[in-house]
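Let chain A serve as the given structure and place chain B on it in line with the hints.
Here are the chains, one letter per residue:
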Amino acid sequence: MRIIVCVKPVPDPRHWNRMSLHPTLKVLVREGIPNVVNPLDRHALEEALRIRERYGGEVMILSMAPLFSLSILREALAMGADRAVLLSDKAFAGSDTLATSHILSEAVKRIGPFDLILCGNQTIDGWTGHVGPQLSEFLGIEGISFVKMIEGFHFEEDGTAKAIVRKKTEGGYVRIEARLPLLLSVVKEINTPRYVTFSGILEAERKEIQVMSASDLRIDPSQVGLAGSPTKMADLFMPEVKRRREVVQEKPEMASKLIFEKIRQRGLI
Amino acid sequence: MDFKLSEREELLRKTVREFAEREIAPRMEAMEETGEFPVDLLKKMGEIGILGVITPPEYGGVGLGNLARIIILEELGRVCPAIPMALQVHHMATHALSAFANEEQKRKYLPPLAKGETMGVVAVTEPSGGSDVAGMKTSARLEGDRYILNGRKCFITNAHASDIWVVIARTGEGGKGLSAFIVERGFPGAKLGRKENKVGLRGAITGELVFQNCEVPKANLLGHEGDGMNIAIRNIVETGRPGMASVALGILNAVLEQAVKFANERILYGKPISSLQMIQSHLADIYADLEISRLLVYRVGWMRDQNIRCDAESALAKQFSCEAAARSARKAIEIHGSYGILREYPVQRLLRDALVTIPAGGTAEVARLVMARQALSLVK
Numbered sequence: 013m014r015i016i017v018c019v020k021p022v023p024d025p026r027h028w029n030r031m032s033l034h035p036t037l038k039v040l041v042r043e044g045i046p047n048v049v050n051p052l053d054r055h056a057l058e059e060a061l062r063i064r065e066r067y068g069g070e071v072m073i074l075s076m077a078p079l080f081s082l083s084i085l086r087e088a089l090a091m092g093a094d095r096a097v098l099l100s101d102k103a104f105a106g107s108d109t110l111a112t113s114h115i116l117s118e119a120v121k122r123i124g125p126f127d128l129i130l131c132g133n134q135t136i137d138g139w140t141g142h143v144g145p146q147l148s149e150f151l152g153i154e155g156i157s158f159v160k161m162i163e164g165f166h167f168e169e170d171g172t173a174k175a176i177v178r179k180k181t182e183g184g185y186v187r188i189e190a191r192l193p194l195l196l197s198v199v200k201e202i203n204t205p206r207y208v209t210f211s212g213i214l215e216a217e218r219k220e221i222q223v224m225s226a227s228d229l230r231i232d233p234s235q236v237g238l239a240g241s242p243t244k245m246a247d248l249f250m251p252e253v254k255r256r257r258e259v260v261q262e263k264p265e266m267a268s269k270l271i272f273e274k275i276r277q278r279g280l281i
Numbered sequence: 002m003d004f005k006l007s008e009r010e011e012l013l014r015k016t017v018r019e020f021a022e023r024e025i026a027p028r029m030e031a032m033e034e035t036g037e038f039p040v041d042l043l044k045k046m047g048e049i050g051i052l053g054v055i056t057p058p059e060y061g062g063v064g065l066g067n068l069a070r071i072i073i074l075e076e077l078g079r080v081c082p083a084i085p086m087a088l089q090v091h092h093m094a095t096h097a098l099s100a101f102a103n104e105e106q107k108r109k110y111l112p113p114l115a116k117g118e119t120m121g122v123v124a125v126t127e128p129s130g131g132s133d134v135a136g137m138k139t140s141a142r143l144e145g146d147r148y149i150l151n152g153r154k155c156f157i158t159n160a161h162a163s164d165i166w167v168v169i170a171r172t173g174e175g176g177k178g179l180s181a182f183i184v185e186r187g188f189p190g191a192k193l194g195r196k197e198n199k200v201g202l203r204g205a206i207t208g209e210l211v212f213q214n215c216e217v218p219k220a221n222l223l224g225h226e227g228d229g230m231n232i233a234i235r236n237i238v239e240t241g242r243p244g245m246a247s248v249a250l251g252i253l254n255a256v257l258e259q260a261v262k263f264a265n266e267r268i269l270y271g272k273p274i275s276s277l278q279m280i281q282s283h284l285a286d287i288y289a290d291l292e293i294s295r296l297l298v299y300r301v302g303w304m305r306d307q308n309i310r311c312d313a314e315s316a317l318a319k320q321f322s323c324e325a326a327a328r329s330a331r332k333a334i335e336i337h338g339s340y341g342i343l344r345e346y347p348v349q350r351l352l353r354d355a356l357v358t359i360p361a362g363g364t365a366e367v368a369r370l371v372m373a374r375q376a377l378s379l380v381k
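In the order they appear, the protein sequences are chains A and B.
Residues 13 to 281, numbered by our numbering, are exactly what the first sequence covers, in order.
Residues 2 to 381, numbered by our numbering, are exactly what the second sequence covers, in order.
This is chain A alone, in the form it adopts within the complex (with noise of 0.2 Å):
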């Protein structure tokens, strides 16, 4: 079976507390955040590992972003996937989803013939979930999100083959059957992802990272970057939390039901 794996750097989780929104130019400023694979794309490289282990095949690494990224897919390589591609040019910086899903289409249409495709259902710093549906659009085969387990593969006498999945839904799961080739984003439930071992740090320095460019995916630039994006940031600021607070001035018991009641009112308890 060969597998692509979409895999996205974002900033390390651990130290959001140093990240801050530009005040004019409404970016998040990232200076000195370390990068790490996306969380829940951990977990569709995990389950890419699985699908290979039982049915044998290939698992490959795809992602758009820029060339100090390498280190990112180093890591992915490290986890066990078998080599890299990476889709790096000033032409896609600004991408929304749109573009970022068509640069990824394209470059799958080069990668050539696979079975499966595996995302991350949403990454931890855009959190839109957008790219795996549409990345299933441009290629023109089945996409489901939210998938939190895999149950199996039938393959028909034909050389057609079908997988068996979990879509995971607020109480509960929808079971799908679905023809291959396809494309799945999958939630954390889906599996624990291994850690990476020291012997798969020294395989994947010999591993191959192949780096593309716009060019080398015959891209034209007005479909990419900020000019072919759609989307158009109206506002980003940071929520402010703040404490509410209510002063009951009655006696010991009076107040105890009182606050009682006011807790109980907002389904607290």
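Just so you know, these hints were derived from the structure itself, not from any lab.
Glycine residues also receive a C-beta, built at the ideal position from the N, C-alpha and C atoms.
Any given hint could turn out to be false.
Estimated spans, in silico, between C-beta atoms of each pair [stated by the list, open to error]:
| hint | chain 1 | residue 1 | chain 2 | residue 2 | range |
| --- | --- | --- | --- | --- | --- |
| 1 | B | Glu118 | A | Leu40 | 16 to 22 Å |
| 2 | B | Glu226 | A | Arg95 | 50 to 56 Å |
| 3 | A | Arg95 | B | Glu104 | 34 to 40 Å |
| 4 | B | Ala31 | A | Ser268 | 15 to 21 Å |
| 5 | B | Ala289 | A | Lys38 | 37 to 43 Å |
| 6 | A | Glu70 | B | Asp146 | 50 to 56 Å |
Okay, derived cross-link-like pairs now, SDA-like style, lysine to any residue, Cα gap no bigger than 25 Å in a straight line [what the hints assert, rightly or not]:
| hint | chain 1 | residue 1 | chain 2 | residue 2 |
| --- | --- | --- | --- | --- |
| 7 | B | Lys15 | A | Asn203 |
| 8 | A | Lys38 | A | Phe80 |
| 9 | B | Lys116 | A | Glu58 |
| 10 | A | Lys200 | B | Arg23 |
Over the 12 Å line for every Cβ pair with chain B, so calculated as not near, a few chain A residues [as the list claims (entries may be wrong)]:
| hint | residue |
| --- | --- |
| 11 | Ala77 |
| 12 | Asp94 |
| 13 | Ser117 |
Relative to the frame of chain A, chain B by itself:
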């Protein structure tokens, strides 16, 4: 000269940090309370490669070398110094075997140690003292195809959690009469003595190994008869002291983080105390101790990896970083004010942990002797 860590070393650090924060941090409380080493973590650490980091790949390890080992111990120590204390002694056992064992012994003992299926110790110190190696009393008498060991080793890290003991014992007179043996915990006459109740590094076990007519097959002699002193010294210089220094380095990382965190959160006179110059002066001292220690310890790792002899450098790194850890932990406690002496704040534990590193693996005085010898040799 290149001070930049490689992508490999950065990735090692990241991996170990994640493991330590996720798997070890939640176990800290229990270790403090019970004084027990979490033996079940060995297997996981073995799978990652932490236990076999300096064991060659042909014997089940990953062979990443000494600088890699130091970075790993430092990261573990940042979260829980007791763990790298235990592992550093485990590494000493793997080093003794990689460097001095014959092929058969390596094939038998190294892979399970590297994978975390067994735990190792090196046992030199006796009740008569650890610094006076040549004065040790534990005896080994050859009888037919086995050696009979009698004596007692104390302050042995990992004692009650371990399976494979590299034991130095006396087969003849004086310093040249010492030999090293590989003793399995299950050998007849191999016994566990008392378990110590330490103030710090509580998750690392310290205790006694007792030999009462302990039967060790002749095939388990490490190297040759008379090699014991050399094995003990090389082991402590090349692995033990850099290892202890790495534990102290881990403590220093934690000390700086705790001190800065508290100084930023604690409000006095309407602003965080980190804006006060008196507090900043403490923070600068801690920062200096951390950075100096790191340079010293990493240099030893690098020298070892280049196969450069580093007796004095190793002693210096050990002595400086362990004393720096204790000194800095005290400063961090002072920054905390009275909060610093409360059990729920980690700085008091970091001081207790740092105090344990000072005599372990060669006292500060012995380290200074080695350094003085080096200093005296520089000018004729």
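How the hints compare with the structure:
1. A C-beta distance of roughly 46 Å is found between Glu118 of chain B and Leu40 of chain A, which places it outside the suggested range of 16 to 22 Å.
2. In this structure, Glu226 of chain B and Arg95 of chain A meet the distance hint of 50 to 56 Å, their C-beta atoms being roughly 54 Å apart.
3. Taking 34 to 40 Å as the suggested C-beta distance range, the pair Arg95 of chain A and Glu104 of chain B conforms, at roughly 38 Å.
4. Range check, Ala31 of chain B to Ser268 of chain A: about 38 Å between beta-carbon atoms, so the 15 to 21 Å window is missed.
5. Checked against the hint of 37 to 43 Å, the C-beta distance between Ala289 of chain B and Lys38 of chain A comes to roughly 40 Å, which is consistent with it.
6. Taken as a hint, the range 50 to 56 Å holds for the pair Glu70 of chain A and Asp146 of chain B, whose Cβ atoms sit roughly 55 Å apart.
7. With a CA separation close to 21 Å, the supplied pair Lys15 of chain B and Asn203 of chain A stays within the 25 Å bound.
8. Our distance criterion of 25 Å between C-alpha atoms is met by Lys38 of chain A and Phe80 of chain A, whose separation comes to about 23 Å.
9. This hinted pair checks out: Lys116 of chain B and Glu58 of chain A have alpha carbons roughly 23 Å apart, not beyond 25 Å.
10. Taking the CA atoms of Lys200 of chain A and Arg23 of chain B, the gap is near 16 Å; set against the 25 Å cutoff, the hint holds.
11. Listed as outside the interface, Ala77 of chain A is consistent with that label: its C-beta sits roughly 16 Å from the nearest C-beta of chain B, beyond the 12 Å cut-off.
12. For Asp94 of chain A, the shortest C-beta to C-beta distance to chain B comes to about 18 Å, beyond the 12 Å cut-off, and the non-interface label holds.
13. Non-interface status of Ser117 of chain A relative to chain B is upheld: no Cβ of that chain comes within 12 Å, the nearest being about 30 Å off.
In this structure, the earlier hints numbered 1 and 4 are contradicted, and the remaining ones agree with it.
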